[in-house]
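Here is how the chains run, residue by residue.
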Amino acid sequence: MLSLENISLELEVEERKVPILNDINLIFEAGKMYALTGPNGSGKSSVARVAMGIYKQTAGQVFYNGEDISGLGITERARKGIGYAFQHPARFKGMPVKDMLELAFKHSDGYNCQVLRDIGLCPDDYLERTLDNSLSGGEIKRIEIATLLALNPKVRIYDEPEAGIDLWSFEQLIDVIGNSHREDTTTVVISHQEKILNMVDEIVLIENGTVSMRGSRDEIWPRIKESAECSCRRSCRLEEDIYADCPR
Amino acid sequence: MLTALDKKLLQEVADLHGEPPGAFNIRKDGKGIERRSLDGIEINPKKDQPGIDVIVAPGKEGTVHIPVILTETDLSDLVYNKIEIGEGANITLVAGCGIHNPGQGKAQHDGVHEIIVRKGARLVYTEKHFGEGEEGGKRVLNPKTVLLVEEGAYAELELVQIRGVDETFRVTEAEVMAGGRLVMYERLLTDKEQTAESDVLVKLMAEESTARIVSRSVAQGSSSQKFYPRLLAYGPGRGHVECDSIIMDQATVRSVPEIWAENSEAELVHEAAIGKIAGEQLIKLMSLGLTEEEAEEAIISGFLK
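Those protein sequences? They're chains A and B, same order as listed. Under my numbering, the residues of the first sequence are numbered 43 to 290, in order. Under my numbering, the residues of the second sequence are numbered 30 to 334, in order.
In case anyone wonders, no lab produced these hints; they're calculated from the structure. None of these values were measured; they are calculated from a predicted model. Where is the CB? At the ideal position from N, CA and C, for every residue including glycine. A hint or two may mislead.
[As the list claims (entries may be wrong)] Listed next, the in silico BS3-like pairs over lysine-lysine satisfying Cα-Cα at most 25 Å (straight line):
1. A/Lys135 / B/Lys75
2. A/Lys98 / B/Lys334
3. B/Lys37 / A/Lys135
4. A/Lys140 / B/Lys305
5. B/Lys255 / A/Lys135
[Said to hold, decoys possible] Derived list of chain B stretches under chain A, where covered just means 3 residues or more per stretch with a C-beta under 8 Å from a C-beta of chain A:
6. 47 to 56
7. 142 to 156
[What the hints assert, rightly or not] Some chain A residues well away from chain B (every beta-carbon gap over 10 Å; in silico):
8. Gly102
9. Asp141
10. Leu163
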């Protein structure tokens with residue numbers, strides 16, 4: 043179980059302290075799936091980054107299975123079983139996909155080429171590819187998710203996993219996230235996507251750096267529907283097939 | 030007879046475990062100590078100056094190892110090698126120099142390689158530098174490679190120097206004829222007070238001559254590096270120069286790629302970048318459980334792959 047208690051965060055931007063999170067209280071239990079949703083810039087990724095130890099909270103504490111991990115760095119938290127798939131994955135000149143997966147595998151208890159197949163990439167085509175600009179946004183994003191699967195952590199935080207992923211892969215992605223979830227894992231997905239919000243046990247709505255609501259899909263969706271929906275939806279009605287496949 | 034130290038140096042520079050397969054020449058402390066020619070791959074010592082001639086017959090395929098090792102201090106070794114790959118041959122050639130300097134003096138190897146890749150032939154050439162020894166003793170390597178890639182031939186050079194060498198001044202000159210292709214990978218890591226300079230001039234002589242120069246380096250400690258890769262097209266050739274350096278600590282890096290066209294059909298591109306390891310890269314690897322030091326090492330080793 044991962045819990046954030048009274049978490050506040052300020053970040054320094056151009057020598058000015060900017061409040062990002064304000065008194066966040068969240069509990070993520072083992073065996074459950076959660077979605078963090080809310081408008082752009084509301085602080086969803088910052089919550090994940092505080093949990094992972096990338097941002098150091100200004101106030102409050104982070105507990106993992108009852109242990110106060112507030113003072114621990116990224117490495118220690120990763121070794122304890124917290125994993126994070128980044129919204130904008132870093133690129134690495136020269137480093138093959140294979141090496142990245144092996145680095146992830148070193149600290150987990152099981153990995154094979156299956157993780158690449160799971161996210162729709164053929165291992166033969168991708169293991170030797172380098173993680174540089176030769177990969178498209180969708181490819182690098184899928185490899186990021188494969189890396190988290192290879193790491194196989196107890197707490198999995200996916201930061202907008204659907205960003206840059208095409209429609210066909212989106213369905214597959216939802217299956218992968220759902221199938222990799224187990225009784226002893228906690229899955230947290232940062233997303234605006236209706237289909238993702240439909241699959242989780244609980245939705246957390248974050249607005250202006252605070253938790254403004256927690257609840258089921260039916261409770262939350264009407265509140266965020268407008269901002270989550272595509273503004274071009276009407277024009278898509280002309281092409282019903284595309285509209286039908288729209289992940290939103 | 031090779032000592033344990035000799036074997037270690039040979040392993041470092043040429044991945045050799047025991048006697049090389051194929052044709053070879055091993056030079057130690059200024060003298061050729063073991064040599065084997067094969068049918069179609071002749072290795073002969075030069076008569077008028079130190080060094081060897083490696084002559085590969087047309088159409089021949091195989092592997093040639095010509096490593097050099099230095100195990101003494103206060104030694105300066107100068108060698109001239111000529112390598113000729115016959116028409117249509119397909120050869121992998123592993124050169125390289127390993128220095129173990131046991132004293133406080135200087136151990137220096139200056140190698141001049143003249144390489145001709147005849148029409149339609151293919152050469153993959155690897156030159157790896159390695160240095161070790163007592164603190165205070167200097168290890169110096171100054172290789173010069175002059176390469177001719179004839180019509181329709183292909184040459185791939187992989188030049189590697191990771192730590193251990195105190196001073197390097199590397200000169201590479203190449204002429205690529207019509208339809209010839211040259212690919213050059215340079216990988217370099219300097220540390221402490223080490224200095225490295227690489228001066229490359231590739232001339233694309235005619236139609237469909239192509240060249241790609243990829244230089245990747247990491248400068249650590251107080252080391253300094255200079256790169257001058259130049260690509261000159263006399264005809265409608267195509268070329269790409271890429272210099273990419275990671276800079277750390279108090280190191281300095283100068284990178285001056287030059288492209289120079291004397292024909293309106295030529296297409297030449299250069300890119301150069303110097304920067305530190307990106308914070309987001311470190312964070313990503315730390316989120317996989319690596320320490321910051323391990324993450325840095327993984328990024329550097331990937332970058333220099």
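Cross-check of the supplied hints:
1. A/Lys135 / B/Lys75: Not satisfied, since the Cα-Cα distance of roughly 43 Å exceeds 25 Å.
2. A/Lys98 / B/Lys334: Violated. A/Lys98 to B/Lys334 sits at ~34 Å, over the 25 Å cutoff.
3. B/Lys37 / A/Lys135: Violated: B/Lys37 and A/Lys135 sit about 30 Å apart, past 25 Å.
4. A/Lys140 / B/Lys305: 24 Å, holds
5. B/Lys255 / A/Lys135: 21 Å, holds
6. 47 to 56: violated (count 0)
7. 142 to 156: violated (count 0)
8. Gly102: Its Cβ never comes within 10 Å of chain B, the nearest being 21 Å, so this holds.
9. Asp141: Given a closest Cβ separation of 6 Å, the condition is violated.
10. Leu163: 18 Å, holds
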